[in-house]
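Chemist: Here are the chains, one letter per residue:
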Amino acid sequence: DVKVTQSSRYLVKRTGEKVFLECVQDMDHENMFWYRQDPGLGLRLIYFSYDVKMKEKGDIPEGYSVSREKKERFSLILESASTNQTSMYLCASRQGGADGYTFGSGTRLTVV
Amino acid sequence: KQEVTQIPAALSVPEGENLVLNCSFTDSAIYNLQWFRQDPGKGLTSLLLIQSSQREQTSGRLNASLDKSSGRSTLYIAASQPGDSATYLCAVGSNDYKLSFGAGTTVTVRA
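Protein sequence lines correspond, in order, to chains A and B.
Count the first sequence with the numbering used here and you get residues 1 to 112, in order.
Count the second sequence with the numbering used here and you get residues 113 to 223, in order.
Any given hint could be a false lead.
Listed next, with one range per pair, are the computed distances between beta-carbon atoms [stated by the list, open to error]:
#1 A/R9 / B/Y143: 26 to 36 Å
#2 A/G16 / B/N130: 45 to 55 Å
#3 B/T138 / A/K57: 17 to 27 Å
#4 A/S82 / B/P152: 38 to 48 Å
Rather than coming from a laboratory, the hints here were simulated on the basis of the structure.
Glycine included, C-beta positions come from ideal geometry on N, C-alpha and C.
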């Protein structure tokens with residue numbers, strides 16, 4: 001089975017800190033995605049990458065950046081964390097085309 | 113823009129009853145449709161993936177149908193168990209790398 005591993009289940013960071021969320025997949029998938037999930041707003045796409053070093057903005061990229069230096073790893077960066085970035089962050093990957101998505105177990109980030 | 117709606121928002125049934133979860137979408141030009149399960153505070157677990165050329169998929173007690181022309185999918189869970197209690201999400205895949213999610217149906221199966 002494909003595994004998508006998010007390095008942290010829970011994180012607590014201070015306002016203004018630079019935060020790195022890491023995601024690693026083990027099945028050589030081309031596409032990787034970062035979503036955030038909030039009550040009442042559902043899942044919203046932040047950024048995605050369809051290939052190494054390639055990235056595209058999703059629906060809510062403001063305040064975030066990403067890095068994909070290797071195929072298996074996709075990092076989400078909060079340049080200066082703010083309280084409105086407190087959320088559940090979910091990483092996903094897929095091979096491409098009509099392939100299904102595999103999600104990680106999520107990172108619950110709290111910014112205080 | 114693809115809009116995905118799931119009805120009902122919440123469902124409570126006694127153990128053993130069959131579950132019927134509905135998903136509708138506005139744009140029939142889809143690549144596929146995927147059903148996920150999410151337990152509180154956890155990530156998404158894929159249940160079934162239906163390609164646009166397929167009408168249904170089955171896995172154990174789960175069966176999902178797809179009617180592209182009417183923009184509908186239904187997830188059936190037979191003989192529900194308390195362990196089926198979770199939120200079920202419908203997601204539609206399109207040709208722009210994006211997945212459009214419904215808001216989910218929260219299911220409670222009472223023992």
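Chemist: Does each hint fit the structure? Answer for all of them.
Modeler: To see whether the hints hold, each was checked on the structure:
| no. | hint | verdict |
| --- | --- | --- |
| 1 | A/R9 / B/Y143: 26 to 36 Å | holds (31 Å) |
| 2 | A/G16 / B/N130: 45 to 55 Å | holds (52 Å) |
| 3 | B/T138 / A/K57: 17 to 27 Å | holds (23 Å) |
| 4 | A/S82 / B/P152: 38 to 48 Å | violated (25 Å) |
In this structure, only the earlier hint numbered 4 is contradicted, and the remaining ones agree with it.
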